[in-house]
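Starting from the given sequences, assemble the full structure and let the hints guide the process.
Chains as they are written, first to last, in my numbering: chain A, 1 to 258; chain B, 1 to 248; chain C, 1 to 250.
It is possible that part of the hints are untrue.
[As the list claims (entries may be wrong)] Dumping the calculated DSSO-like pairs for lysine-lysine here, alpha-carbon to alpha-carbon at most 27 angstroms:
(1) 105/C x 199/B
(2) 132/A x 167/C
(3) 188/A x 218/A
None of these hints come from the bench; they were simulated from the model.
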Amino acid sequence: MSDLIVVEHVGKRYQTSSGPIEALHDVSLAVGAGEFCTVIGPSGCGKSTLLGMLGGLVTADGGRVLVDGRPVSAPDPRRVATVFQEAGLFPWRTALENVEFGLELQGVPRERRRAVATELLGPLGLRDFAAKYPRELSGGMRQRVAIGRALAIDTQIILMDEPFGALDEQTRLLMGEWLLEIWRRTRKTVVFVTHSLHEALALSTRVVVMTARPGRIKRVLELPMPYPRAMESAEMVGLRATLWGEIRDESLRAMGER
Amino acid sequence: MRVRLLRAAILAVFLLAWEGVARAANPLLYVPPSAVLPALRRLLALDSYPDLLPSVLLTLREIAVAYALAIAAGLGCGFALGLNRVIGRAYAPIVGALYAVPAVVWYPSLMLFFGLDAASKIAFGFLLGFFPITLAVLAGIRQVNPHMLAVARAFGARPLTVFVKVMIPAMMFTLVGGLRTGLALSVIGVIVGEVLGSKAGMGALINHAYGLFRTADYVALVVVTLVLIVGSDAVAGLVERRAERWSD
Amino acid sequence: MSRDTLRVRLLQIVSVVALLAIWEGVARLGWVDPLFVPAPSAVVGAFGRIGRSALAGLGDTLLKTAVAYVLSVVLGVALGVAIGSVRALREVLSPFVIAVYGMPKILVLPWIVLILGFGTAPAIVYGTIHGLFPILVLVMGGVRDVDRTLVTVARAFGASTWQLYWKVLLPAIVPTVLAGMRLGIVFCLLGVLIVEMFAGVRGMGYVMGSLANGFQAPELFAATALVSAASIAIVLGLDALNDRLSHWRG
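Right, dumping it as structure tokens:
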């Protein structure tokens, strides 16, 4: 079975006021259907840029990005949905209306999208908050709405750019468990960007470690263990040490650059 | 660079279009740009309006007095309302409500009371400049961090010292912004007053040219007035930047 | 009502009553020339005398203002969105917009009257110009300040340009548009009144100007009070409307 997402030798250069910056250098990656692939690395390593390329929001300089065999040139809401770090909910829409957003853009008639969104609220744990506005919701709730919005358009692939980055640790842990539950139920393909070692190890089937800028793929770890993962097991502890070993140097490099 | 070229191009196209349309339709009424320069020359040579200089000086004097009064009353009222909570809560809404009234409704009453002389223009300029200054003082006081004041008092500073050394610098930015707006509005007040009815000053000259259909002279007078206005705002801007340097 | 609020209300009422009483007293004692400063009682009497013509004048002014207002809002929002949302236009045109915005429009009024004559047309045109620029500048700023994330999200979900404007940009700038509308009404009314005073044949500006020329102080005060009250009422009304429509902002 060919991979669902294929990235071949892409690079990205940005022009800034202090000269050109190479965000990505010769990155190649493949993600199979149904995988939970985490991309982890120090700040500035280009992981968000890479995700942007998969989502059609950023164009690669050189190389190819293929989703489902087709090159990516623009956002494709029929195949790929994105969740951002700031939930990006529209403040003038209720939680329900926010979840409906993608469906609305695609011209789905009102009753149908209302039904789809309402049904999603159950697993999102937001059934009592359908009519609330974003300012009335906590950070965790807002991210759940954002994830619901992505789930509503029922794409095969969901991209997540540090979706839990702005949440406190306890909420993060709960959200991680909840996300895992949703993923296993819907069998979507997830590409998940994070800083958190815990999230990478607890959630993914594969972890991609990136170097400091210019971002390259340093190492790919396969995690075939079953869920839910016993994070205190010897195996996981060892993996954590390995992962940190790979990342630590890169983090130091990234900090030194500043 | 390209942006600047585009702007210059837009300006050029605009002037050319104006020139064309004015000439074709009614050059006397629509005053093509080519007619403005000779009119300006005549004006600055004191040819078309020999009493240009006294008029400019009169207008500037009216603005100065109106603004000075606006500053005095604006600061006085602003601090009186801002520093005393009960008085502030009582009268600040009234000030706000009066601000919602288009200032020009007061002008006929001012003209009745002061006549057509400078006094009514000064009064009107004062009225217009007064409100933004008062409101700026109120806003400035409101945004001062009460912790700063508490800390100063905890160190034993007397109320006057707290006021001068803590409160004023903390609200400097808002205050200076309000003073600058107040100047702009005082200027507009004086000019509106003059245009609506006066015997002397730039506005009176403008009115005169308008009444006699001397459109080219009228445009020249407007240009000179604009220069005055931009000049006064530029001076205000310089003072504002100087004041910002102090407060740091 | 809390103790403080009570004190505040008392102070307001007492000051207004005291002011009116002193004013009436001073006028009755002859300390001021009744030609210039009429007693409050005279002003109240004057209300009756000019009542009908004043209301007619007010109606005329408000009608012109309404037309100018609709024009300023429509043009201001349309141009503000158009210029503000296209980066190239915004960069190139901003200085021009700011320059014209900062220029006292009164300077072009004589010219407008020369072209359009006296009466309704110059009032509406000038009123529109007066109200247009504050709204335009405000909306331009509002569009520029729309949260970038919202635009990115919409694009990520495949929004077309039309959808971006309709479903993201316009709802996002509603608070700014409301603020502009609140500002614009005062400016439009101001512009219309100025034209009526300068070159009017009808309307409150003209009425007040005539009363001033005729040294009819009580009637003039009454008319001024009437226009002021109307203006305050309109602004309060718009504020209430603003509050109602902004419930999602908290």
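Task: Agreement of residue 132/A and residue 167/C with the hint, judged by alpha carbon distance not exceeding 27 angstroms - done: holds, 19 angstroms
Open item on the list: Just to be careful, I want the Cα atoms of residue 188/A and residue 218/A compared with a cutoff of 27 angstroms; is the pair within it?
Closed with: Satisfied, since the Cα-Cα distance of roughly 26 angstroms is no more than 27 angstroms.
Task: 27 angstroms limit on alpha-carbon distance, applied to hinted pair residue 105/C and residue 199/B - done: Cα-Cα ~21 angstroms, so holds.
The structure shown violates none of the earlier numbered hints.
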